[in-house]
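K.L.:
Going by my numbering, the first residue of the sequence shown is number 1, and it counts up by one from there.
No lab work stands behind these hints: they were computed from the structure.
Be aware that one or more of the hints could be misleading.
[Claimed, not checked] Pairwise CB distance ranges (calculated):
{"no.": "1", "residue 1": "Glu127", "residue 2": "Val91", "range": "35 to 41 Å"}
{"no.": "2", "residue 1": "Asn176", "residue 2": "Thr96", "range": "38 to 44 Å"}
{"no.": "3", "residue 1": "Arg60", "residue 2": "Lys95", "range": "56 to 62 Å"}
{"no.": "4", "residue 1": "Tyr87", "residue 2": "Asn172", "range": "15 to 21 Å"}
{"no.": "5", "residue 1": "Lys144", "residue 2": "Thr96", "range": "33 to 39 Å"}
[What the hints assert, rightly or not] Below, simulated SDA-like cross-link-like pairs (lysine to any residue); rule was C-alpha separation at most 20 Å, straight line:
{"no.": "6", "residue 1": "Lys152", "residue 2": "Glu76"}
{"no.": "7", "residue 1": "Lys161", "residue 2": "Gln59"}
{"no.": "8", "residue 1": "Lys62", "residue 2": "Thr42"}
{"no.": "9", "residue 1": "Lys86", "residue 2": "Pro135"}
{"no.": "10", "residue 1": "Lys82", "residue 2": "Gly110"}
{"no.": "11", "residue 1": "Lys86", "residue 2": "Glu101"}
{"no.": "12", "residue 1": "Lys117", "residue 2": "Lys152"}
{"no.": "13", "residue 1": "Lys152", "residue 2": "Ser68"}
{"no.": "14", "residue 1": "Lys159", "residue 2": "Arg46"}
{"no.": "15", "residue 1": "Lys86", "residue 2": "Thr136"}
Every residue, glycine too, gets a C-beta built ideally from N, C-alpha and C.
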Amino acid sequence: MKKLLVVLSLFFSLVSFTQSKEGEIIEANSETEKISKTIPFTIVERAPSHPNCVDKSTQREKRNCMNSMITKHIREHFKPTKKMYKYRENVRDEKTGKIIESRKVKLNSGRYRIKVKFKIGTTGEIEDIEVVDAPTHKLALEAKRAVSLLPKMEPGMQKGKPVRVGYFLPINFIIN
Numbered sequence: 001m002k003k004l005l006v007v008l009s010l011f012f013s014l015v016s017f018t019q020s021k022e023g024e025i026i027e028a029n030s031e032t033e034k035i036s037k038t039i040p041f042t043i044v045e046r047a048p049s050h051p052n053c054v055d056k057s058t059q060r061e062k063r064n065c066m067n068s069m070i071t072k073h074i075r076e077h078f079k080p081t082k083k084m085y086k087y088r089e090n091v092r093d094e095k096t097g098k099i100i101e102s103r104k105v106k107l108n109s110g111r112y113r114i115k116v117k118f119k120i121g122t123t124g125e126i127e128d129i130e131v132v133d134a135p136t137h138k139l140a141l142e143a144k145r146a147v148s149l150l151p152k153m154e155p156g157m158q159k160g161k162p163v164r165v166g167y168f169l170p171i172n173f174i175i176n
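The whole structure should be built from the sequences, with the hints applied where relevant.
P.N.:
What follows is the structure in structure tokens.
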């Protein structure tokens with residue numbers, strides 16, 4: 001049987017990162033008060049670092065290394081199956097909005113993207129994994145599972161203190 005030719009060419013069109021109002025930096029009032037907001041990966045003073053990237057000397061090298069290590073991790077751990085390409089589609093009555101038909105649908109051949117947001121916490125753990133967009137619910141769960149397997153990172157730093165850093169990860173794949 002020809003396996004579903006999922007060319008997991010998980011090519012990452014430059015892994016992009018979250019930037020939101022959430023990332024505003026808050027001044028700490030005392031030594032014990034932590035910076036509680038999430039800071040975007042692109043603007044944090046010292047970006048979080050993958051365990052295999054801590055030896056890099058510049059921030060740019062660390063960020064590039066981190067991106068490539070996350071890409072490699074997803075290639076190894078994101079394993080969609082044929083069953084994940086099916087979903088249920090509901091047809092609703094235009095006037096009442098009630099479901100009049102529910103049918104199984106399968107994704108067609110083509111390029112697809114799953115968008116995942118997560119945070120790297122103050123201890124380096126992966127936190128708050130959220131799939132923002134995915135073609136099917138099962139693919140969303142698989143993406144979340146793969147991201148949850150990321151190793152503990154070296155936390156990001158802002159003003160000498162560990163901070164939560166937001167990260168946005170597009171997972172691109174092709175179904176043939």
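K.L.:
Would you mind marking each hint as holding or not holding in the structure?
P.N.:
To see whether the hints hold, each was checked on the structure:
1. Here the CB-CB span from Glu127 to Val91 is close to 38 Å, well matched to the stated 35 to 41 Å.
2. Look at Asn176 against Thr96: about 40 Å separates their beta carbons, and that is inside 38 to 44 Å.
3. At roughly 58 Å, the beta-carbon separation of Arg60 and Lys95 lies within the given 56 to 62 Å, and the hint holds.
4. A beta carbon spacing of about 19 Å between Tyr87 and Asn172 agrees with the range 15 to 21 Å that was offered as a hint.
5. Between Lys144 and Thr96 the beta carbon distance is about 35 Å. The supplied range of 33 to 39 Å therefore holds.
6. Simply put, Lys152 and Glu76 have alpha-carbon atoms about 17 Å apart, close enough for the 20 Å limit, and the pair holds.
7. At roughly 17 Å between alpha-carbon atoms, Lys161 and Gln59 fall within 20 Å of each other, so this suggested pair holds.
8. Distance hint between Lys62 and Thr42 is fulfilled; the C-alpha atoms sit about 12 Å from each other, no more than 20 Å.
9. Taken as a hint, the Lys86 and Pro135 pair is honoured in the structure, with Cα atoms around 9 Å apart against an allowance of 20 Å.
10. Of the supplied pair hints, the one linking Lys82 and Gly110 holds, its CA atoms being roughly 14 Å apart against a limit of 20 Å.
11. Among the hinted pairs, Lys86 with Glu101 is consistent with the structure: their alpha-carbon atoms are about 16 Å apart, no more than 20 Å.
12. The straight-line distance between the Cα atoms of Lys117 and Lys152 is roughly 16 Å, inside the 20 Å bound, and the hint therefore holds.
13. The straight-line distance between the Cα atoms of Lys152 and Ser68 is roughly 16 Å, inside the 20 Å bound, and the hint therefore holds.
14. Proposed proximity of Lys159 and Arg46 is supported: the alpha carbons are some 9 Å apart, at most 20 Å.
15. A C-alpha spacing of about 7 Å is found between Lys86 and Thr136, which places the hinted pair at or below 20 Å, so the restraint holds.
The structure meets every hint from the earlier list without exception.
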